[in-house]
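These are the residues of each chain, in order.
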Amino acid sequence: MRTMILFGLSLFSLTAHAAPHGELSVEVGGIENYDRSYEVFNWGVNMPSQGVRAGIKFHDRFTAIGSWNHTAVGATVTTREGEYSNSFESGLFMETFFAGVKADLNVKGFFYPYATAQVATAFTTMLLDDDTNVEGNAGEVRASGIMPGVHGSIGAELRTPEGFIPGGLQVALYVDVGLTHLAKASFEPMGDMAAGGGTVRAGLGVRF
Amino acid sequence: MNNATRCLMLALGAAVGCASFDNLPSQTYIELGSELWDAEGVVARSDGLYVRLPHAGGLIRLDPNAKQNNTSSVRVGKGKVTRLSAAPDGETLVAFVERYRCDNEEEYEATNLDDCYDDLIVETEIDVIRDADVIGEIAIDGPFNKIAYASDGRFGIAYLDFSDDSLNLTGVVNLNSIIAIDLVEGNATPISVGFAADRVLFVEDPDLGATKAVVLSRNSVALINLLEDVPEREVTFPLTLDPDASVIPVGVDLTPDGRYALISVQNSSDLYTLDLESQSINIVELSSSPAAMSVDASAESTVLVFDKRSKVDVLDHTYFDVETFNLDESMDQISSGDGYAVLWNDNEKHDVYRLDLNSAELVEYRLQNPAIDLEIAPGGDFAVVLTRAENAFGSGVEGVYDASPGMEILDLRDDDTQPFLLEGQGLGVAFSQTDTELHALVLQDGQDYLYQLDLYTGVAMEIGLSKPPVAIGSMADGTFYITHTSGLGLVSFLDPLTGDVTEIGGFGAIDLNQPIEMLGNGGKS
Numbered sequence: 001m002r003t004m005i006l007f008g009l010s011l012f013s014l015t016a017h018a019a020p021h022g023e024l025s026v027e028v029g030g031i032e033n034y035d036r037s038y039e040v041f042n043w044g045v046n047m048p049s050q051g052v053r054a055g056i057k058f059h060d061r062f063t064a065i066g067s068w069n070h071t072a073v074g075a076t077v078t079t080r081e082g083e084y085s086n087s088f089e090s091g092l093f094m095e096t097f098f099a100g101v102k103a104d105l106n107v108k109g110f111f112y113p114y115a116t117a118q119v120a121t122a123f124t125t126m127l128l129d130d131d132t133n134v135e136g137n138a139g140e141v142r143a144s145g146i147m148p149g150v151h152g153s154i155g156a157e158l159r160t161p162e163g164f165i166p167g168g169l170q171v172a173l174y175v176d177v178g179l180t181h182l183a184k185a186s187f188e189p190m191g192d193m194a195a196g197g198g199t200v201r202a203g204l205g206v207r208f
Numbered sequence: 209m210n211n212a213t214r215c216l217m218l219a220l221g222a223a224v225g226c227a228s229f230d231n232l233p234s235q236t237y238i239e240l241g242s243e244l245w246d247a248e249g250v251v252a253r254s255d256g257l258y259v260r261l262p263h264a265g266g267l268i269r270l271d272p273n274a275k276q277n278n279t280s281s282v283r284v285g286k287g288k289v290t291r292l293s294a295a296p297d298g299e300t301l302v303a304f305v306e307r308y309r310c311d312n313e314e315e316y317e318a319t320n321l322d323d324c325y326d327d328l329i330v331e332t333e334i335d336v337i338r339d340a341d342v343i344g345e346i347a348i349d350g351p352f353n354k355i356a357y358a359s360d361g362r363f364g365i366a367y368l369d370f371s372d373d374s375l376n377l378t379g380v381v382n383l384n385s386i387i388a389i390d391l392v393e394g395n396a397t398p399i400s401v402g403f404a405a406d407r408v409l410f411v412e413d414p415d416l417g418a419t420k421a422v423v424l425s426r427n428s429v430a431l432i433n434l435l436e437d438v439p440e441r442e443v444t445f446p447l448t449l450d451p452d453a454s455v456i457p458v459g460v461d462l463t464p465d466g467r468y469a470l471i472s473v474q475n476s477s478d479l480y481t482l483d484l485e486s487q488s489i490n491i492v493e494l495s496s497s498p499a500a501m502s503v504d505a506s507a508e509s510t511v512l513v514f515d516k517r518s519k520v521d522v523l524d525h526t527y528f529d530v531e532t533f534n535l536d537e538s539m540d541q542i543s544s545g546d547g548y549a550v551l552w553n554d555n556e557k558h559d560v561y562r563l564d565l566n567s568a569e570l571v572e573y574r575l576q577n578p579a580i581d582l583e584i585a586p587g588g589d590f591a592v593v594l595t596r597a598e599n600a601f602g603s604g605v606e607g608v609y610d611a612s613p614g615m616e617i618l619d620l621r622d623d624d625t626q627p628f629l630l631e632g633q634g635l636g637v638a639f640s641q642t643d644t645e646l647h648a649l650v651l652q653d654g655q656d657y658l659y660q661l662d663l664y665t666g667v668a669m670e671i672g673l674s675k676p677p678v679a680i681g682s683m684a685d686g687t688f689y690i691t692h693t694s695g696l697g698l699v700s701f702l703d704p705l706t707g708d709v710t711e712i713g714g715f716g717a718i719d720l721n722q723p724i725e726m727l728g729n730g731g732k733s
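Read top to bottom, the protein sequences are chains A and B.
Residue numbers for the first sequence follow our numbering, so the first one is 1 and each next one is one higher.
Residue numbers for the second sequence follow our numbering, so the first one is 209 and each next one is one higher.
Check the hints yourself; a few may be wrong.
Below 35 angstroms or equal to it, Euclidean Cα-Cα: the simulated DSBU-like pairs (lysine-lysine) are [as the list claims (entries may be wrong)]:
(1) B:Lys286 to B:Lys354
(2) A:Lys184 to B:Lys275
(3) A:Lys184 to B:Lys286
(4) B:Lys557 to B:Lys516
(5) B:Lys286 to B:Lys275
(6) B:Lys519 to B:Lys557
Since the hints were made in silico from the structure, they are not lab data.
My request is simple: use the sequences and hints to build the entire structure.
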């Protein structure tokens, strides 16, 4: 805890070198989802995602960041009662938009530990389909909801040294872990779903 | 619109575009422990078709005539609907509902079944439902799973049906008890009647409705007076005085005047005639131990068949004399018409008989394959028999028949039979009738069409279905409902006059995400 506090304070106290002002990355990762509703979409609790993150530095230590993460999971769900079984297809599509602030620390010009605090909004659609071979069949069920939330993370970024690539461009690789909470939303007729838990992301991008 | 807004809209548009039914990302296989809907246990009422949702624990109503929302949930509260039962008035639905408590002393409050790690306390209740609303809740003490109703729908007798594979016996169960339920007053009275009661008949008065219930159990028959303030057992008729003997009733019926109860018993050629007025018993000797029994009101007689003897007995209700007719094969099923009985066998036999109870004329029909079901069409002129393939090695047309499930139309006005080969095993038959047409609608296992045959003209057609059927039945307005093999729920409603099919599907997803809730912790409140 003491280390974390010192790290946080150091973000404000150390003087930065002249640094790139923009960042753009592609990232992959996942958010945990312990909600019972998620059981029909995926085995386990992980909601894998991929997306892009962009940022603009507005202070030596602070960057306004925003990201979009796309999740698409689905399963063939078998329902069983005694000897009889039926099945259907399920799909969960979640478009999560994050916006917030990243505070980072320049260590030796290539290693950048950082922390973020963000708000999130997840546009989520659940689809269930009784027969994927017949478009528009009576067993197609669609439910959508908007889940507001918050996200906090710490991460570490490795960059190519300044000047290594002409034009002030740097290539960056980062890993970020944190917590996300997306509030419960109604997905009629299926019911409610919330999401949240540990979040892990890894990204590759440029700093300019 | 500035650039940022335009970009956001594009991103959202792309996101929405991803969520379509033609690119579902099937990445894994998941198995749920129960069906989302019960395709075999639906119940038709005048206001719609009621469907149980076992996974969510709920109950819904499908209304094919609704202009907008054709699916509505019935609010049965916390717990799980385990069975449905149709009262004879055509409007009232009775739902068996299990309420759960968790018998733990933990600090946490168990809110759903997943939270209860200790013993589960199950409380059973029956909910009386009309027009998708619960109008009465009656607690019943015991895992009763079946209700027999009086024809006016006021009284019901709840009992344990041990032939039901899904019967779940937990805790201490009193096997001598039944519950007399007054659905109008909303009360339930436990009554001790005898061991393993499983047959109930009602003595009904044209003015008063049901006045008494006759409940059969092993070794005894109880007569229950329903018109007391609290229904009570009036008398018990012992079927044997030997405590070592076990007399198990296999068939029971009342004479049309309600005075006599006729009871056949297992492995005995004795027919017990209980005089419910004078409260006495007579025993009539039959040809053998009966396999089936049917009372005919118009002919004032009872027909009995025997699976071990090729005979049929006809018992008159005036003097209780028995007239015996010889058959070529033994019969174990009876379907009753007005003034006649159709005798058939659902084992290995091929004969079917039509016995006219007024003229004593016996007509024999010969089926190509053994019967599994026989339905008499409205009007009584035809019977439709569903048959199964049999293990035989014939050649030619006999071999084809033997290897295939079939259907045979019996013309009950003479001795004609008309055999058909079916593509799949026949699952059920329903009928639709107009002034000039009489259609039989046949469901076949694994076939996604309905075979419609006009029994008068022989004109046939196929009505396409989206999925193979499970069951067929009729609604109050003459529409047919057909349930299908479907994970998310699919019911087709067929208008027999126009041939129009209306589908309602996807209702199995209702409350899919919601756990079955518990009443809380602790014992009964």
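| request: Would you mind confirming whether the straight-line C-alpha gap from Lys557 of chain B to Lys516 of chain B stays at or under 35 angstroms? | output: Holds: Lys557 of chain B and Lys516 of chain B sit about 12 angstroms apart, inside 35 angstroms.
| Pair hint Lys184 of chain A and Lys275 of chain B, alpha-carbon separation not exceeding 35 angstroms | holds (32 angstroms)
| task | Take a quick look at whether Lys519 of chain B and Lys557 of chain B sit within 35 angstroms of each other, Cα to Cα. | result | Distance of about 14 angstroms is within 35 angstroms: holds.
| field | Proposed proximity, Lys354 of chain B with Lys286 of chain B (alpha carbon, max 35 angstroms) | value | Satisfied, since the Cα-Cα distance of roughly 22 angstroms is no more than 35 angstroms.
| query | Holds or violated: are the alpha carbons of Lys286 of chain B and Lys275 of chain B at most 35 angstroms from each other? | reply | holds (30 angstroms)
| message | Check the hint pairing Lys184 of chain A with Lys286 of chain B against an upper bound of 35 angstroms on the C-alpha distance. | response | holds (21 angstroms)
Hint check: no violations occur; every hint is consistent with the structure.
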